[in-house]
Amino acid sequence: MPRYYKLIRITIIIWMTLVLIGAFSFGGFLLNIPNVAMLEHTARNLYFHVPMWFTMMALTALSAMHALQCLRTKNIVHDIRSSTAAQVAILFGLLGLATGSMWARFTWYEGTNIWWNFDPKQSMAAIQVLIYGAYFALRGAIDDPQKRARISAVYNLFAFVTVPFLLYVLPRQLESLHPGADGNPAFSDITDPMMRLVFYPAVVGFIGLGWILYTQRVRLSRALLKIQTINQQR
Amino acid sequence: MNAPNQSPNWIFGAAAVFWKDFRLEFRNKSVLGTLIIFVLSTLFIVLFAIGRRDLSPEIEAGLLWIIVLFTAALGLGRTFLSEQERSTGMFLRLHTQGIMVYFGKLLFSFLTILCANSISVIVYLILLSIEVSLTGLFVLTMILGTLGLAGATTLLAAIISQTARGGPLLPVLLFPLLIPLLLSAVEVTQISITVQPSVERAWSAATGSLITMGSFSGVVIAASVLLFDYVWEE
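Chain order of the listed sequences is A and B.
Basically the working numbering = 1-based index in the first sequence + 148.
Basically the working numbering = 1-based index in the second sequence + 363.
Chain A on its own, in the form it takes in the complex:
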């Protein structure tokens, strides 16, 4: 098992390197992106921003799934998995927020000097990060590991059921410039086929990167747990 793990890890690292080279290849024959007015080379952000969101969503679902498992089986390993997924999800959420905000600053809000204009997608992302922040504040306030696992799993699931309301309410009340919202053209209509050559591998690569970070942290926490139990037995 560990040998396969190393193999997969090195594959993802090489894969991501290739994606980065693809994303920043200027002026070659291949992968030359079309020059769309206003977007220009910021379009390359597509290779980073969108996959980061996909990774965050995948990790959010994973975190909720393990929270459910934790309540059903009372196994502390599920708590480790759930909270680690939430940690990595916060990381990707903040990165997605930063890349999105930058992208918006130099396209939608060009010349206005604003970074943040309460676009529904931005607000949604900020609230999601806040919820996970609250989740970790809650974890910090409980000392007993079993109790912490149970209580934080309850909060995780409780927060998870309110998220669909955000998806419904925010776009109704705030206007959006984001592609795919409010009759704006969706991804598939506006993206040049050439860009998909990098975009799809980037999605796979970022999800793989999230997977590496997640599994490594899980392995670390499990190792620490094992050391702790050995120390207690002495």
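Honestly, the hints are just simulated from the structure, not real lab data.
These figures come from a predicted structure and were not determined experimentally.
Just to be clear, a hint being listed does not mean it is correct.
[What the hints assert, rightly or not] Below, a list of computed lysine-lysine pairs in the DSBU-like style, where the Cα atoms sit at most 35 Å apart:
#, chain 1, residue 1, chain 2, residue 2
1, A, Lys-374, A, Lys-295
2, A, Lys-222, B, Lys-383
3, A, Lys-154, A, Lys-222
4, B, Lys-392, A, Lys-154
5, A, Lys-222, A, Lys-374
6, A, Lys-154, A, Lys-374
7, A, Lys-295, B, Lys-383
8, A, Lys-295, A, Lys-222
Based on the hints, put chain B in the right spot on chain A.
Here is chain B on its own, set in the frame of chain A:
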């Protein structure tokens, strides 16, 4: 614990828990008294801060709901902490099922907040001299908003009663989850305090948000019923 609590007399159990809380509250009036003073002093702080200015309905509605939110966060944090302090939690656990405790506490929280809110709303409307053009819509929003607030807060109050230093944690856990409810409530309140040329059109404009608030309350209460046992059982 995983067996569903389908005892036919859970309504009577919930009523008994509610009646216990009500009588305790009636005896020393600690929660409601504090809440009313809190509401009044918050109102005056808001009024002094804005001075003698004409505000748009958006801002009036927003300020009103911020006051309501803070009242709930202050008042409802005690729901389960008081059991912990009086060491009566174990007694309740022995004699009732989780679902009875949940619904009893929910009803008590709902009525407490409704009481405090009615006072704050009346004083707010008089002091800012706001004309409510659609009274029915306004009252309905208040009731639905309070129901969603009480529904979300009851489970979180049970959660924070399990933590070491719970008190200040409640707003942190509560506010990110309440944003969908808050946005809809502010929108409907704003419609009901703006002068409307056509009553039917105003109601149909508010329908979407009213449905959101109703379903938010429903989903939050349903999720709480499913998750409450995990928090309540030791």
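Hint compliance check: list the failing hint numbers for this structure, sorted ascending. Those not satisfied come down to hint 4.
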